[in-house]
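Work out the full structure, taking the sequences as your base and the hints as a guide.
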Amino acid sequence: AQRVTQPEKLLSVFKGAPVELKCNYSYSGSPELFWYVQYSRQRLQLLLRHISRESIKGFTADLNKGETSFHLKKPFAQEEDSAMYYCALIGSSNTGKLIFGQGTTLQVKP
Amino acid sequence: DTGVSQNPRHKITKRGQNVTFRCDPISEHNRLYWYRQTLGQGPEFLTYFQNEAQLEKSRLLSDRFSAERPKGSFSTLEIQRTEQGDSAMYLCASSITPNTEAFFGQGTRLTVV
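Top line first, the protein sequences correspond to chains A and B. Taking my numbering, the leading residue of the first sequence gets 1, the next gets one more, and so forth. Taking my numbering, the leading residue of the second sequence gets 1, the next gets one more, and so forth.
Since the hints were made in silico from the structure, they are not lab data. Certain hints may be false.
Residues from chain A that face chain B, not an exhaustive set, calculated with beta carbons under 10 Å [claimed, not checked]:
(1) R43
(2) I56
(3) A88
(4) G103
Stretch-level coverage of chain B by chain A, calculated; a stretch enters the list once three of its residues show a Cβ under 8 Å from a Cβ in chain A [stated by the list, open to error]:
(5) 70–77
(6) 102–110
Computed cross-link-like contacts, SDA-like style, restricted to lysine to any residue with a CA-CA straight-line distance of at most 25 Å [what the hints assert, rightly or not]:
(7) A:K65 - B:N99
(8) B:K71 - B:H29
(9) B:K57 - A:A1
(10) A:K9 - B:T2
(11) A:K9 - B:A88
(12) A:K57 - B:K57
(13) A:K73 - B:K57
(14) B:K14 - B:G85
(15) A:K57 - A:N94
(16) A:K109 - A:G91
(17) A:K9 - B:G72
(18) B:K71 - B:T2
(19) A:K57 - B:D86
(20) A:K22 - B:L39
Each residue gets a CB set at the ideal place from its N, CA and C atoms; glycine is no exception.
Following this line, the structure appears as structure tokens:
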């Protein structure tokens, strides 16, 4: 079965602290992994995807196929990073349908 | 705003009534997806279209749910005989192809009382 697990509902850190949002997935093939973010009162939007290997707003995520993980990291959190973060996968390239985790609320305190 | 547009933003209905939501995707996007999100959960896939063709429906989509995308443009999601369990945020997303970024609308929040 295809599944995405985000074990933390809430992650609270102080400004300037490192952040790691955990994501584990279950999929038998080679999925595409994504991180989506939803800022307060805004729509869900793509933050980054593993195939692009980009750093967006200081965030990076590395796909670890051995551990079936795709953790999101940022070395120094900013208050504007406070948002809901969703890890998601596309299991079949032909459909494009996203399978989301439950989400993690990141709270960056001043 | 040239993004994905959903209407209405909020809908309150009595149990047993029918409701219809509309999604206007980004104009050149062939793919259109519907998701449902309940409190504390991530979005769950409901169905998707390639142009006007509905290609897949989730088991979450009971017989009371129907979706259309006439002429491959806007899409509607209808729920008949609403139940309290239908209360959720209904999200629409569109993309150019399956492998390109999916852009989401702001959602329609349905409350069944």
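To see whether the hints hold, each was checked on the structure:
no.	hint	result
1	R43	holds (5 Å)
2	I56	violated (12 Å)
3	A88	holds (7 Å)
4	G103	holds (5 Å)
5	70–77	violated (count 0)
6	102–110	holds (count 6)
7	A:K65 - B:N99	holds (20 Å)
8	B:K71 - B:H29	holds (13 Å)
9	B:K57 - A:A1	holds (17 Å)
10	A:K9 - B:T2	violated (32 Å)
11	A:K9 - B:A88	holds (19 Å)
12	A:K57 - B:K57	violated (35 Å)
13	A:K73 - B:K57	violated (34 Å)
14	B:K14 - B:G85	holds (12 Å)
15	A:K57 - A:N94	violated (29 Å)
16	A:K109 - A:G91	violated (36 Å)
17	A:K9 - B:G72	violated (38 Å)
18	B:K71 - B:T2	holds (19 Å)
19	A:K57 - B:D86	violated (36 Å)
20	A:K22 - B:L39	holds (20 Å)
Hints 2, 5, 10, 12, 13, 15, 16, 17 and 19 from the list above are not met by this structure, while the remaining hints are.
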